[in-house]
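*Asks:* Generate coordinates for the entire structure from the input sequences, incorporating the hints supplied.
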Amino acid sequence: MHRIYGECENCLVWMGDIVVKGDSSVAAELAARAALNALRIIARQPHDEDLGWPGQNPIATSVAGNGLTAGAALQSMMDCEWWQRIWTVQEVCLPPKATVLWGPLEISFQAIMDAASHMVQPDEHPQRNNIFDLFQEGTAMYPRLHTSPYTIPVLSIAHARLWNQSRTDSLYRLWRFRDRRSTYPKDKLFGIWALLNKTYLPDIRPTDYVLDIVVLFSRLMVSLLRSLDSLKPLIGWRGERETAGLPTWVLDLAQPEDSNCTSDFWTHDIAWRQFHASSGLPRFKPPVKQAEDLTLLTLDGIRVDKVATILMDLRHTRRSLWRQGFEDAIKDQAGKDDIMYQYNNLIQGKFGENRERVTDESWHGGPWWEDRMLCYQVLFITQENRLGLGPPNLKPEDNVWILSGGNHPFLLRQVSKRRGNADLWEFVGDCFVYGIMYGEASSGGFQLSSVTLC
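For the sequence shown, our numbering gives the first residue as 1, with consecutive numbering after it.
Source of the hints: derived by calculation from the structure; they are not laboratory data.
Hints are not guaranteed to be accurate.
[Unchecked claim] For lysine-lysine, the following DSSO-like pairs were computed, each having C-alpha atoms within a straight-line distance of at most 30 Å: (1) Lys285 - Lys395; (2) Lys417 - Lys186; (3) Lys186 - Lys97; (4) Lys306 - Lys285; (5) Lys186 - Lys306; (6) Lys306 - Lys395; (7) Lys395 - Lys417; (8) Lys350 - Lys306; (9) Lys350 - Lys331; (10) Lys306 - Lys331; (11) Lys417 - Lys306; (12) Lys395 - Lys336; (13) Lys336 - Lys350.
*Replies:* Put into structure tokens, the structure is as follows:
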């Protein structure tokens with residue numbers, strides 16, 4: 001399929017029949033026609049002058065007597081299953097041109113992408129004050145007057161079309177489409193294989209589709225660790241795994257439906273550039289290319305602390321009650337004044353006394369910091385009275401490790417089984433712990449040791 005799509009001149013993308021708010025009559029088609037015309041206007045492409053800008057008022061009345069707007073029609077198009085499937089990415093990324101067919105209507109995918117680009121940078125556009133006419137109703141995920149239901153799925157594909165000309169690494173590309181749906185988990189990888197940077201993934205081939213999923217995903221993870229020469233592929237996961245039998249350290253491309261498993265690689269990627277927890281440790285040793293047992297990963301690092309108490313699950317606490325809830329949670333805690341001091345700093349994006357190293361303004365507290373980093377994590381205290389942020393599936397007794405090649409600390413959980421002479425550990429997730437984010441632990445007298453993840 002990669003070759004077929006790559007060689008065709010213009011791929012026709014079928015979005016299905018036009019249905020707007022359950023209506024498939026002529027009224028729905030009129031609203032859809034107005035929506036596509038609005039996209040052409042925003043994209044500054046030839047459009048129907050007679051239709052003009054649709055505004056926010058109903059274009060037509062449905063059989064049931066409901067007014068249908070261009071915005072409602074646009075939302076219906078973005079609700080199409082096509083935007084959620086992994087294989088369809090090839091249809092618009094590999095051919096030089098793609099045309100979207102929606103009922104009897106059509107529009108070039110280039111116009112769809114150009115409209116999205118103008119929506120996120122509308123300052124010079126003649127319709128800058130009217131664009132939100134198309135986003136009056138809102139969705140369950142996004143509020144009214146929010147263009148994200150359109151711009152996020154469209155621009156993710158627009159970025160993918162540029163990958164062949166860029167040096168974007170394969171980890172970013174995999175995360176970009178990890179939340180797309182597929183019948184089989186392997187399809188997440190092979191659906192975008194043609195868009196991945198094969199220079200950095202020499203161990204993955206189209207013929208590998210026959211491999212067991214554990215072997216395939218483990219081989220992918222080893223390639224990512226080797227290509228990035230760091231533990232960056234381990235960051236951003238939150239919650240339990242979906243694919244049965246997968247080693248805990250291997251990226252699961254199957255996105256769990258459970259909302260408790262929220263992951264945010266992109267925010268943690270920003271954090272990766274701010275912190276240097278493993279500074280002072282020996283250089284990272286990438287895993288062997290063809291290890292005998294691909295289910296195990298052996299790393300070097302220092303065990304610096306252990307989770308003592310889980311204080312608050314910030315996901316289920318109203319933001320206005322965070323401080324009150326935190327104070328209640330530590331009222332009987334030894335050294336609570338010091339912990340409160342750490343909390344006041346952490347809420348502002350500070351994890352130690354080396355604030356000057358954090359250069360991104362987003363990390364200086366405020367709504368961005370609260371929305372993107374705090375609100376889906378768990379606050380915990382370690383045995384050494386350090387305050388930390390970690391994944392919701394952490395448990396008391398989980399160990400805080402700083403591993404060579406890791407800008408963040410990691411939570412590991414020791415298991416009872418052994419492999420030969422080696423103790424085995426489960427990977428829980430990366431974490432942020434006050435006072436050890438800038439290499440402080442490497443001078444703390446801890447002993448360097450190996451740890452084997454299973």
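*Asks:* Between the alpha carbons of Lys417 and Lys306, is the straight-line distance 30 Å or under?
*Replies:* Satisfied, since the Cα-Cα distance of roughly 20 Å is no more than 30 Å.
*Asks:* Compare the distance between the alpha carbons of Lys306 and Lys285 with 30 Å, and conclude whether the hinted pair is satisfied.
*Replies:* 25 Å, holds
*Asks:* Is Lys306 close enough to Lys331, meaning Cα to Cα at most 30 Å?
*Replies:* OK: Lys306 and Lys331 at ~21 Å, within 30 Å.
*Asks:* Quickly compare the C-alpha distance for Lys395 and Lys417 to 30 Å and report which way the hint goes.
*Replies:* 18 Å, holds
*Asks:* Tell me if the straight-line CA distance from Lys285 to Lys395 falls inside 30 Å.
*Replies:* 29 Å, holds
*Asks:* Quickly compare the C-alpha distance for Lys395 and Lys336 to 30 Å and report which way the hint goes.
*Replies:* The given pair, whose Cα atoms are some 21 Å apart, holds under the 30 Å limit.
*Asks:* Can you confirm whether the C-alpha distance between Lys186 and Lys306 stays at or below 30 Å?
*Replies:* 36 Å, violated
*Asks:* Does Lys306 sit within 30 Å of Lys350, going by the straight-line distance between their CA atoms?
*Replies:* 21 Å, holds
*Asks:* If you draw a straight line from the CA of Lys417 to the CA of Lys186, is it 30 Å or shorter?
*Replies:* Status holds; Cα separation ~29 Å.
*Asks:* Do the alpha carbons of Lys186 and Lys97 lie within 30 Å of each other, as the hint requires?
*Replies:* 27 Å, holds
*Asks:* Assess, step by step, whether the Cα of Lys306 is no farther than 30 Å from the Cα of Lys395, and give holds or violated.
*Replies:* The hint holds at about 10 Å.
*Asks:* Check whether the Cα positions of Lys350 and Lys331 lie no farther apart than 30 Å.
*Replies:* 23 Å, holds
Comparing the model with each numbered hint stated earlier shows that hint 5 is the single one that does not hold.
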